[in-house]
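Trainee: Here is what each chain is made of, one letter per residue.
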Amino acid sequence: MINRHSHEAVLAVLAALAIAVLALQSAEFLTPANLMNQGRLMTEVALVALVMTFVIASGGIDLSVGSIMGLSAVLLGTFWQKMGMPLPLAMVLVLFSGALCGLFNGFIIVRFGMPPLIATLGTLALYRGLAEGISQARSVRGWPEWFAQIGQGSFAGVPVQVWILLAAMAVAVVILGYSRWGRTVYAIGSSETAARFAGLPVDAAKYAVYTASGLAASLAAIIFVSRVSTTRSDMGTGLELDVITAVVLGGTSIFGGRGTIIGTVLGLVVIQALESGLSLAGIKGDGTIVLIGVVLILTLLASTFAESRARA
Amino acid sequence: MQLAPQQAADPGVHAPVLSLRDISKSFGPVQALKDVRFDLRSGEVHALMGENGAGKSTLVKVLAGMHRPTSGTIAAGGSEVAFGSARDATAAGIAVVHQELLLFGEMTVAENVFSGRYPRSRAGMIDWGLVRRRARALLADLDCHDLDVDAKVASLSVAMRQRVEIARALNQNAKVLILDEPTAALAEKDAERLLDIVLRLRARGVGIVYVSHRMNEIFRISDRMTVLRDGQYVGTVDAAATSEADLIAMMVGRSIDQVFPKVEAQIGAPVLEVRGLSSGPLVQDATLTVRAGEIVGLAGLVGSGRTELALTLFGITPATSGTIAIDGQEVRIGSPKAARDAGIAYVPEDRGHQGLVKPMAIRENISMAVLDRLSPGGILRKGDEKRIAAEGFRRLGVRAAGIEQPVGQLSGGNQQKVVIAKWLETRPKLLILDEPTRGIDVGAKSEIHRLMGEMAQQGLAILMISSELPEVLAMSDRVLVVAEGRIAAELPRGEATPQTVGHAMTRRTGTTAHGRARP
Ligand SMILES: Nc1ncnc2c1ncn2[C@@H]1O[C@H](COP(=O)(O)OP(=O)(O)OP(=O)(O)O)[C@@H](O)[C@H]1O
Ligand SMILES: [Mg+2]
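Chains C and Z are the protein sequences, given in the same order.
First residue of the first sequence: 1, per my numbering; consecutive thereafter.
First residue of the second sequence: 1, per my numbering; consecutive thereafter.
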C-alpha cells in the first residue's frame, strides 16, 4: 500500500509545503477570493488533464488537445454569430465536433495502428489549421450575459466552472478507479496484447478515451471563451504541454499502466500554486517555467527513490 | 575464438569451480531461498531441480549477479566473490541463458553475440569484419551454419535465439554456463540439438548448471542433481544412482503418479463444429468437431499451423472463409471478445506476453476475462472479484504470497495456473489449451491433467495443442494431426501411437491414407 501511493504522498507533502510557503510570503494568497480565482484559472487545463490521465494510462498520448480547443472556440463563434444559430445549439454542436475530432484521432490510431504521438502530432497541425482557416483572423465578441456566467459567474460562492470541474473529477475518479472501463485502460496500458487476448474491448476503449479527450478540450474551450469574452484561433496553443506536465507530475506513467486521478489533481494544484505564488512574488513567466520543470524532475526522482526504498 | 576439445575426464578429479554456502534471499516477506548450498565442478552437468516456485531461477539470478543474496557466500575458483552486478559475474567467467531471453531484438545476431564489448581495430574503430567472422565461427561451432549473422534477432525463432544466447555466453569464454529451462519453448528436434551442444561443452570442461522440468532430458545429460523445495536445499545426488521416482519424491516430498490418469468422461453432443475454415497460409480448409466431454489433441510439428488454427477460432486472426458453430448455432468470431461470448476460451502459448498482464496482481488477472460479469452497471464489485480470485487461486493451487502479488513475480508454472484460472472463470463451453504444461513441474503437470479430466467430465469440450507426444497420446480421446496448415489425419484413441502420429506429422499433405473421417 505504501509503495502504491508513495507518489501521491510525495505530491501531497509538496503541495502543502508550497501553499504554506506562499501563505507566509503573501497575505493575499490564502484569501478565499484568491483561491477561487485560482480555481477559475486552472479549470480549463484541469478538465483536459483529467481525461489525459486516461489517455496516458492506456499507453497513449494526445497532443492535439490545444488545437481542438482552438478549433472549438472558433466554431462556437462561427455557429452562433455567422450562421445565426441559437447559442445553446451552437454549444452542443461544438461539444459534438470536439468529440468528433477526438474520434478521428482514435480512428487513425486504432485503424491504421499509428503511434498516438505521431497521429496526434499530425492532427495538432490539422485542427489548428482548420481553426485558422475558419476564423479568418476575426474574433467574435458580444456574448450574452447568461453565457458569461459560465466563465465569470459564481454559484454558492464558488465559480461556476469549478462546479463543473468538481463534477468531472468525481466522474473520472469513479470511472478510472472503480469501474471495469478504468481497469481496461490500465490493462491496455500495461500490455495491450494480453488485454486483447483476455477478450477486453481494446479498440473500443481507445476510441472512447480519445473521443473523451476531444470532448473535454471543447468543453474547456466553451469555458475559456466565456471567461475571456472573445474567440481567437490561437486559443489553447501549448495547452497540451501544461496538461501533460500536470499528469506526469501526478505520477501517471508515460509508458502506461499506472496513474490516478487524485495524483493528477495534486499535480495540477502544485503547478497552479507555484504559478500564482510566483506571480504574486513578482517573478516573471520564464522563471515560472524553469521552476516547474525543476519541480517535475525532482518530484519524479523523489517518488522513484521512495518506491525503491519501500520495495527493498 | 577456438575452443580446444578437452579430454572428458572423471568428474571426481575436478575441483569445484563454483561453490555456494548458506545462500538466502528474500523479497520482502517472501523467502525465496533459505540456506542453500550448491557446488559445481568443471566438466559436469549439474541439474537444478524443483517444483515451480522452488527458487531455481532465483538461485540462477544470484549466480548471475542480478540478485544480491541476503546472506551466504559464493566462491568462484576457490576464492570468495561478491557479485554486485551482472558484469561482475561475467568477469568471473559465469555466463547465463535466462528463462526469459534477454536479447536485444532490434540488434543483429552479431551485435548480440558481442553485446557491447566489440573488438577494436588499431584506430579505435569497431572492427565489424572481425565481429561478423567471430560470430559466424561461434555459431558454426554450435551447429548453426544456416544462421545469418546480420539478421535482426527479433526475426528469429526461439530455438535460434537461444543459440545466439549460448554463442554470446561462449564468446565470454565462460567457465560456467547456466541454462534456465532452455528447452521449455523448443520443439523436440531443436531440444535434441541443444542437448548435443550441452554435452559438447561439457566435454570441453565447461561446468554447466541445467534447469529443466523434463525428466528424460535431465537423466540423459546430467552427472549430478541438486533439488530445492520451497527455497530450501533438499539434497544433491548422483544421476547414475538415482531413479526418476526418487528424484520426484525429493522434489515434491511425496511420490507422484507420473502416468497421466485418463478419466473416462461421457462424450456428448458436438460443441464445436468447424467446416472448411481458412485464414492465411497456415489454416487451410480445416474441418473438425469437438464434443462435450471430449479431449481432442492437436499434434504436429512446430510451425505446422496448430496455434494459427487456435488463433483463428479465438478471433485473433478471424477466418476468411468457412463456418464455426457452437452447440449447433453458427457463430461469427471476429474478435477474442466475440469468441469469449460464444463460450470459447484460449490459454495461449506465450503466457508472459499474451496470457498475463505482468505488472498487475493475480486478482486483477484472474478477473480480467469476466470484468463485465463482475460489474453490473459498470462499477466493479471488488468483493466478488476478491472472492473469485481467491477461489481460482485455491482451486489451482497457485503458490504465491497472496492474490495481491503481481503475476510478474511468480514462477513460470504458477503464472500458467493463473492463466488457466482466468479462463475457467468464464465458464467456457470449449477450452483451447496451447502447450498447457510447458515449463510446468511434474506435480503441477499431473494436477493440470487431473483438472482437464475433471473439466471434461463436467461436459467441457477441450482442444489441446501439445508438442509433447506422450501427453497428446495419454490425454486425448482423438488426435488430429496438423501438417502444413491442413488437418492431415484424424486418429481415434485406439489408433494413435507414436508411429501413426509421427508418420502423419511428416507426411506430405494430399496423400491422406487414413482419410479425414467425418463423425
Ligand atoms: N522479484 C521478486 N519479488 C518477489 N517475489 C519473487 C521475486 N522473484 C521470485 N519471487 C518468488 O520467489 C519464489 C521462487 O521463484 P523462482 O522464479 O526462483 O522459482 P523457479 O524455481 O524458477 O520456478 P519455475 O520452475 O516455475 O520457473 C517464488 O515464490 C516467487 O514468487
Ligand atoms: Mg524458473
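One or more hints might be untrue.
To be verified - 25 Å max Cα-Cα, derived DMTMM-like pairs, lysine to aspartate or glutamate:
no., chain 1, residue 1, chain 2, residue 2
1, Z, Lys358, C, Glu132
2, Z, Lys382, C, Glu145
3, Z, Lys358, C, Glu145
4, Z, Lys382, C, Glu192
5, Z, Lys429, Z, Glu484
6, Z, Lys358, C, Glu192
7, Z, Lys337, C, Glu192
8, C, Lys82, C, Glu8
Calculated directly from the structure, the hints in this document are not laboratory data.
This one's a predicted model, so the numbers in the text were calculated from it and none came from an experiment.
Trainee: Next pair to validate is lysine 337(Z) with glutamate 192(C); report whether the Cα-Cα distance is within 25 Å.
Mentor: Roughly 14 Å between the alpha carbons, so the hint for lysine 337(Z) and glutamate 192(C) holds.
Trainee: Given the hint that lysine 382(Z) pairs with glutamate 192(C), test it: the Cα-Cα distance must not exceed 25 Å.
Mentor: Judged against 25 Å, a Cα distance of about 23 Å means the pair holds.
Trainee: Next pair to validate is lysine 382(Z) with glutamate 145(C); report whether the Cα-Cα distance is within 25 Å.
Mentor: Status violated; Cα separation ~47 Å.
Trainee: When you check the alpha-carbon spacing of lysine 358(Z) and glutamate 192(C), does it fall within 25 Å?
Mentor: It holds: about 11 Å lies between the C-alpha atoms, which stays within 25 Å.
Trainee: Can the restraint linking lysine 358(Z) and glutamate 145(C) be considered satisfied, given a maximum Cα separation of 25 Å?
Mentor: violated, 54 Å
Trainee: Keeping to a limit of 25 Å between CA atoms, is the pair of lysine 358(Z) and glutamate 132(C) held or broken?
Mentor: violated, 46 Å
Trainee: Does lysine 429(Z) pair with glutamate 484(Z) here, judged by a C-alpha cut-off of 25 Å?
Mentor: With a Cα-Cα distance of about 28 Å, the restraint between lysine 429(Z) and glutamate 484(Z) is violated, given a limit of 25 Å.
Trainee: Given the hint that lysine 82(C) pairs with glutamate 8(C), test it: the Cα-Cα distance must not exceed 25 Å.
Mentor: It is violated: about 47 Å lies between the C-alpha atoms, which goes past 25 Å.
Violated hints for the displayed structure, listed by number in ascending order: 1, 2, 3, 5 and 8.
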